[in-house]
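Take 3 as the starting number for the sequence shown in our numbering and just add one per residue.
Think of the hints as simulated: they come from the structure by calculation, not from any bench. None of these values were measured; they are calculated from a predicted model. Possibly wrong hints are sitting among the right ones.
Unchecked claim - No farther apart than 25 Å at their CA atoms in a straight line, the calculated lysine to any residue pairs in the SDA-like style are these:
| # | residue 1 | residue 2 |
| --- | --- | --- |
| 1 | K149 | Q259 |
| 2 | K149 | D192 |
| 3 | K194 | I262 |
| 4 | K149 | P125 |
| 5 | K149 | G219 |
| 6 | K194 | V151 |
| 7 | K194 | Q259 |
| 8 | K194 | P162 |
| 9 | K194 | L261 |
| 10 | K194 | P209 |
| 11 | K149 | R247 |
| 12 | K194 | C160 |
| 13 | K149 | R195 |
| 14 | K194 | P125 |
| 15 | K149 | A260 |
| 16 | K149 | C160 |
| 17 | K194 | F208 |
| 18 | K194 | A260 |
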Amino acid sequence: MGQAARRARAPDAALRGRRLRGDLRAPLAPPARVRTRRRAPRALPRALGRGALPGRVRSREPAPPLRAHRGAARESRAGRARRLVAPLEAGVANGRGLRILLVTGALGLALAGGLLALARRGPALAPDFAVPDLAGRTVRLSGLRGKVVVLNLWATWCAPCVEEMPSLERLHAALRDADFALLAVSQDEDGKRVVVPFVERMHLSFPVLLDPEHQVGDRYGVSGYPETFVIDRNGYVVEHVIGPRDWAAPGEIAALQALIAAGDGRGAPAPRAPS
Numbered sequence: 003m004g005q006a007a008r009r010a011r012a013p014d015a016a017l018r019g020r021r022l023r024g025d026l027r028a029p030l031a032p033p034a035r036v037r038t039r040r041r042a043p044r045a046l047p048r049a050l051g052r053g054a055l056p057g058r059v060r061s062r063e064p065a066p067p068l069r070a071h072r073g074a075a076r077e078s079r080a081g082r083a084r085r086l087v088a089p090l091e092a093g094v095a096n097g098r099g100l101r102i103l104l105v106t107g108a109l110g111l112a113l114a115g116g117l118l119a120l121a122r123r124g125p126a127l128a129p130d131f132a133v134p135d136l137a138g139r140t141v142r143l144s145g146l147r148g149k150v151v152v153l154n155l156w157a158t159w160c161a162p163c164v165e166e167m168p169s170l171e172r173l174h175a176a177l178r179d180a181d182f183a184l185l186a187v188s189q190d191e192d193g194k195r196v197v198v199p200f201v202e203r204m205h206l207s208f209p210v211l212l213d214p215e216h217q218v219g220d221r222y223g224v225s226g227y228p229e230t231f232v233i234d235r236n237g238y239v240v241e242h243v244i245g246p247r248d249w250a251a252p253g254e255i256a257a258l259q260a261l262i263a264a265g266d267g268r269g270a271p272a273p274r275a276p277s
């Protein structure tokens, strides 16, 4: 009975074992149904209807609108800040403009006052100098005190200077017998080597002086050539001419003759002793 019973029960036991295993697998069935339900929307009909690509989930996320919203909020705050700061900036700009206007006006008044004071002071005393002529003799400006002096600074390479030389020669010829002196101070750095041939070529008879180191030009603040200074009998500069001029014109000669005739009574202050 024992073995027969066991053999008789074997098929049933196997069945029971299969049922038991089936029962054990039964709880796994619902996930299969869940997967079946997830397969249904794979076609994504609405997404396709809107033109989106399958699987492009990011196109359906609301992230861009949120970013746009945050950006708009930042812009609004910045706009409010600008509106609050704008009046302050305008006030600062207006204050700066007012300060610039006041400073400019003060500088203008100071300049006008300086020019007025200079005009009231009258002519400036001509700086003294001593330079050689073409023969090597030293000529000193202060040694010509009592004469009207026309001091001309020039250079051989200066075209306007060359144009002016004939009129200076005629001026010298017209006033050579009066209390008058014409000094043409060359500023050529090559000195006598270039000046002597120039004088000979131009047939100049008035005194030509050599100043290769520009000491005269520096003392008189010359910035270009020609520049001419008219100095009265007392040693004061009464006219400063920048550029060439026709010194032989009747008006120029008449003005110099009047200055010579005025003597010491033209009202200029007496020359101060050099310090």
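Quick rundown of the hints versus the structure:
no. : hint        : result
1   : K149 x Q259 : 11 Å, holds
2   : K149 x D192 : 30 Å, violated
3   : K194 x I262 : 32 Å, violated
4   : K149 x P125 : 16 Å, holds
5   : K149 x G219 : 21 Å, holds
6   : K194 x V151 : 23 Å, holds
7   : K194 x Q259 : 32 Å, violated
8   : K194 x P162 : 20 Å, holds
9   : K194 x L261 : 33 Å, violated
10  : K194 x P209 : 13 Å, holds
11  : K149 x R247 : 21 Å, holds
12  : K194 x C160 : 16 Å, holds
13  : K149 x R195 : 31 Å, violated
14  : K194 x P125 : 33 Å, violated
15  : K149 x A260 : 13 Å, holds
16  : K149 x C160 : 28 Å, violated
17  : K194 x F208 : 16 Å, holds
18  : K194 x A260 : 35 Å, violated
Comparing the model with each numbered hint stated earlier shows that hints 2, 3, 7, 9, 13, 14, 16 and 18 do not hold.
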